[in-house]
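Line by line, the protein sequences give chains A and B.
Residues 119 to 483 in my numbering are what the first sequence spells out, letter by letter.
Residues 53 to 513 in my numbering are what the second sequence spells out, letter by letter.
Hints may contain errors.
[Said to hold, decoys possible] Mimicking EDC-like on lysine to aspartate or glutamate, the simulated pairs with C-alpha atoms at most 20 Å apart in a straight line are:
no.: 1; chain 1: A; residue 1: Lys295; chain 2: A; residue 2: Glu208
no.: 2; chain 1: A; residue 1: Lys288; chain 2: B; residue 2: Asp206
no.: 3; chain 1: A; residue 1: Lys288; chain 2: A; residue 2: Glu323
no.: 4; chain 1: A; residue 1: Lys292; chain 2: B; residue 2: Asp206
no.: 5; chain 1: A; residue 1: Lys288; chain 2: B; residue 2: Asp389
no.: 6; chain 1: B; residue 1: Lys465; chain 2: B; residue 2: Asp500
no.: 7; chain 1: B; residue 1: Lys438; chain 2: B; residue 2: Asp389
no.: 8; chain 1: A; residue 1: Lys292; chain 2: B; residue 2: Glu207
Note that these hints are calculated values from the structure, not bench results.
Note that the structure is predicted; figures quoted are calculated from it, not measured.
Each chain, letter by letter, is given below.
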Amino acid sequence: MAASPAALKTRGSTKYDAHGAEIKDALVADSEAVIAALNLSDDQLLLTYQRALEVRHFEEQCNRAFRAGKVGGYLHLYIGQEAVSLGVLEACKQGDQVLSSYRDHAHCLILGSDPNTVMAEIYGKSTGISRGKGGSMHLFDKANGFAGGYGIVGGNVPLAVGIGWALKYKNELKENKNICVCYLGDGSMNAGAFHEALNMAALYELPILYVLENNKYAMGTSVERHSANTDLSSRADSYNMKNSKVDGQDYFAVRKVAQEIIDEMRINPAPYFLEAVTYRYVGHGAADGAATQITYRDPSELEEWKKRDPINILGDALRKRGTLTDAKHDELDKSALEIARVAAEFAENSPVCAPEELTQDVYVD
Amino acid sequence: MAEVIMPKMGDAMEEGTLLQWLKPDGATVSIGDVIAEIETDKSNVEVEAEEAGVLHTKVQPGATVPVGEPIAIIGDAAVTSNGASASSNGAAPAAPLASSGEGAVAPATTKEEKDILAVSAATRSGEMKDVGETVNISYREAIRMALGEELDRDENVFLLGEEIGQYQGTFKITENFLDKYGPERIVDTPISEAAMVGLTTGAAMMGMRPVIEFMTLNFALVAWDQIINHTAKILYMSGGQYNVPCVLRGPGGVGVQLSAQHSQDLAHWYANTPGLKVVAPATPADAKGLLKAAIRDNNPVVFTEHAGLYGSKGDVPTDPEFIVPIGVADVKRKGKDVTIISYSRGTIISLAAAEQLAAEGIDAEVIDLRSLMPFDIDTIIESVKKTHHAVVVQEQWLYYGIAGEFAAQISEKAFDYLDAPVERVAGAFVPMPYSRALEQLAVTHEADVIAAVKRTLARNS
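Isolated chain B, as found in the complex (with noise of 0.2 Å):
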């Protein structure tokens, strides 16, 4: 006899909606039959039994599962649904893979991203003090609205990408949108990233306001020509006759044990880029709050979201007319102690970090960056000139990046007021490992901060 358990399908999944029971109760199954279809905050997962027997349901189509509860049990014809009877040879079920294919994430999470992602479900930015009436979303579910609320107001917005139609996203951002929009306005695109961006420069040429969605931002460097050589610099080189006012958008970041060429976090290449703005959210209000101002800037944007911030949830503003303006950093945490700086999930990390300093008696203070070009320095001096402390989080490669900008940023405005050198945390510099043991070593984490955190403080002049 087996359970058959909701499945944890990503690192931020929490629970799972039946959808519908694909085999009736009773039934006699088999091994690799597909007894029933779930409904996670990613996508629709087809479960598959993983015993062959009599199948027993638990809960009813609409149920809401916590991940790892029983919602069946394959046993003997024998066997009543509750069970009792049987003994159990105690393995649970592996989950099933999703089908979803780019979408799919392994499952494997660690206590320290379950802890990762409370902290962000806990995260306010500056902006929501008076915001209004807020509602309790996804990172994902937050940028779905802002697409959604920035179609509404502008004809000129249109959406494009791979499979952001009829296959409702691969991420499950755009979902419905065909529907609502009709295909004029979410254009499925061939896999073609250097005609995409192409399509996306000259209309935005024209005035309309083109989103491409890469479905990984991995996926970008194809169209990199288009991107560095033309989009960013169609302003400059035309003597500022011709804007291109476009959100260019997409998952990206580190882990979950995508490997080599699906896991890295490129945005410093963008923001080295004249012409270009880049933004890089770290919560579901600021992912809001900036997609949509990014869709309203008259420049491209390069919008980068973070994948295994996609089920992290916050309050969110549903007013409409929320904005979070471009090259405004946050201030996460306030502290005395030492400034920690970030973006995008790596603000989530020093947030985290900055609890267990707490429990150490370390006030850190954390800034979430949001922007990084244009970039918010004078909030980071003003910190800096408070704490005399800085490190800078980033989960890129080490060398020539967003933490070695901050540390010079700090070091020609602030240097009389440092007593220790700004540290950097980092990933490691290697190509992203595949094996879980191996990334674990080559991805940031929030026990790097904290050591990095102490020996700034370690080294007080």
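For reference, chain A alone in the conformation it holds in the complex (with noise of 0.2 Å):
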């Protein structure tokens, strides 16, 4: 599955698919293929096509609660990179452990945490998911799986090997076959803490898929400007790990290596390194605006990546085969709308945090 080493040599800002060959059209994936293969319904891939839109929305009512100064800190959306977090997670079972950054909120709304919950933990409420303690960075729910999301750039990655760890070896747990997933960031390419856990995972051969969402800039610096290597997903070779590349604009791309890898790995334990190429739409943080936005990358290039929109792509595909209409579009939209409408509202309506709260979950009994 792994793309050989020869086949990863040349980069530049091409576009790769999961075995490291030049992506020659923007709808490589052969959809129908991978739904045949996957045997999806249209009920799944409708389903698939409104969590996409049920994200975007969720994003872009954060971004403006922000802007009315409803909610603190620092907000990181995902908007562009949404079939990243579903062509992987879709591919996941219950009992499987999810990882991510601080730019969380995608995959814990796609692993199945309720909408309002995880806007009046952004809220900074104590309906919050996380009871108003983390915020925004720092999305937890342990019921669906999801370990968290962390605000120190690498320092999840470390985490997923302990996670990993305990998949394969905790008596309890060691029978379902079940895998970590742990996404990363571009800019965590180059801290000490991703290497020696990559090395690590690898020397243990431990259940976890890292994902790395290559949207291409570390806040403000892009791959070119951070890393010797662009080839980022080749870094995994220095530790024998399996890896390839997968155009991260296209949910049935990475559905199909994901669900693949995934596979393999319930079967035979070992880590894998995926990079999805992909798109940061909005700026690193909220704080930074067009106006920063300008000083590391030029409009124009927004503008192509809006080209290839992965929601677009996702249902330009479910048209051409029938399974959506403009009709079930702009009901699926409306309804998506809704669901983050309603999420606000139910954040602002919470209570706030109560002074007692304030020591509460420092230490456990």
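Could you use the hints to bring the two separately framed chains together as a complex?
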């Protein structure tokens, strides 16, 4: 399954599929073949589309709330990267464990968290999914296997080693053949903890799928400016870890390769490093607006990437096969917007955290 | 002719065992030839010939020989094994250096340190009253006992660290564990402290109970982002969803000429972080009881050991349910004139100081904190209300430290009972120097404790 090292040598700004081959066509994945291979029903496909819309509207709602001063702290939005979380997480099963960075709303929502409690967390209310203690960057949902969003770049990468260890060796867990998915950004590739963790994950053959969301920028520093070797996934070769690249804008491409990797990993535990090439439509954080973005990227770049919008690519494939109609799109889109609005309303109307909550959960009995 | 003596490989070493002769009696040896293998409480050591000549062995394999006693003589062929006729040059061969790398400890020992360790061996904690059968073992062996018992008790407990398995442990804490428990529970790691803590934290989030051995606590600094920003905070950040039951243990403390990067006490840094518990045992019994409590605790516990105490002995309960609760101090010596508060080896130094003070008619009470977070302020305040004087003793740097914390706590909670300001005893505010002469000036001594006690008593208002 892994691309051979030789196939990974030449890199640039071009896109690559799961096997390291250059992506020639925008819609490289044969969506019909993926649908047939995975036996995806129309209902499942529409659910995926609906989730994509829900994530998009949720993030836009967060952005409005931030601009309105209702949300504090930092806010890192996921707009433009939706296919990367959908394609991998829909290949997961109950009991799989997922870690993310601070750009974590989508991963939490797609795993099944209640949008109301996620939004309440972002609003810092006691009804929040982390009881208002974590905020946007530290969503956690143990019941759904979301082991957290983390705010130190690269800091979640070693945690996956421990979760992978438990899934492999803890008696109550090891029979389930669950895996750990750890999302990280291209900025984390140069942190020391990343390298320690990748080595250990491979050394101990742990069932961890590292998903690099290469959105081209570590905050405002482009891959070319932060990495001596811009072929990011090839670094996993150094740790003898299987790796490949995938078009992160194409749900079917991501889903196909993720399903193959995860199915294999459940049988033969070993880590895998998947680089999803994608793009962040918004700034690094809410404070990184158009005025600062112009310091590090050309606005025309965003326009180019929007032509390959992950929701449009998914929608077009569904339309082409008759699964999605304009009317259905409008219905789902309206519903997704409504879910985001209801979540915001729930968050606004939730009580603020009570003073006695301040010192709760520092220690546990 | 030269005697080959049992070398002193560490401050606490008093005897060693001859494992085998690598050259037979009567063999002609050259300088540098490895002639014997001995076992110390720390590690196995190869003994080299310091002179050329004929080896005359004096003891048999398996014999235990006090430090400094001869195990062989190297002389010319005519010399008999009793060595009677040979003229000695009088120079005792220097102790060979241990070959165990990081585990090696310079052999120098002062009389004062011997006194400290003697006091340690005699120390018994408050929990020792009704604990059933005990065995006289070292601090090191007590830690090993606790780890083994908890590995036996709970399949979710596993150990990880550098050189803990195949190598048998840098300080031999985990000796024979790999054979007994296997590589899934005794995990040899690469030198990757951040990933070690990540492994620990992630596994603990999933309900396992990992115990890291840092080869020394100094190396934990490499993992501080993991420890402080992840391990300590995940419970809080997750609103109580994920707790992180794990132990981060290893030797630290000052002394034995390990110089700046390997000789320091940083326990207060951890104790300053919400979410972590921190313990610092001074005696073998407390080491066992606290380590078992730490492993069973549902929070991350930093278990700070003192390398200088590994060889110290004491009576340790054999009961596998012997637990010393975290957060409970121990009055190690009762007294009425002054309260001395310390932890880890500072307690041992304080006890030695108290004995000297007693000879001068000053009756000091010595409180061993044992736990630094949470801490047992009630025991301290109760004592200060009785003695009206307090001295806090630490090995770490003076400023922003544990002594400062307790000076503040006492002034806040028992100001009206104090007859004099709280005195602090601490290490010098310098990176630890290598030179033995300078190191002696930098570390905390019982003379410093005695002087502080006299200062506070002299200021009796």
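Consistency of the hints with the structure:
1. A:Lys295 to A:Glu208: holds, 16 Å
2. A:Lys288 to B:Asp206: holds, 12 Å
3. A:Lys288 to A:Glu323: holds, 15 Å
4. A:Lys292 to B:Asp206: Between Lys292 (chain A) and Asp206 (chain B) the Cα gap is close to 17 Å, so the pair holds against 20 Å.
5. A:Lys288 to B:Asp389: violated, 54 Å
6. B:Lys465 to B:Asp500: With a Cα-Cα distance of about 26 Å, the restraint between Lys465 (chain B) and Asp500 (chain B) is violated, given a limit of 20 Å.
7. B:Lys438 to B:Asp389: holds, 8 Å
8. A:Lys292 to B:Glu207: holds, 13 Å
Of the numbered hints listed earlier, those contradicted by the structure are 5, 6.
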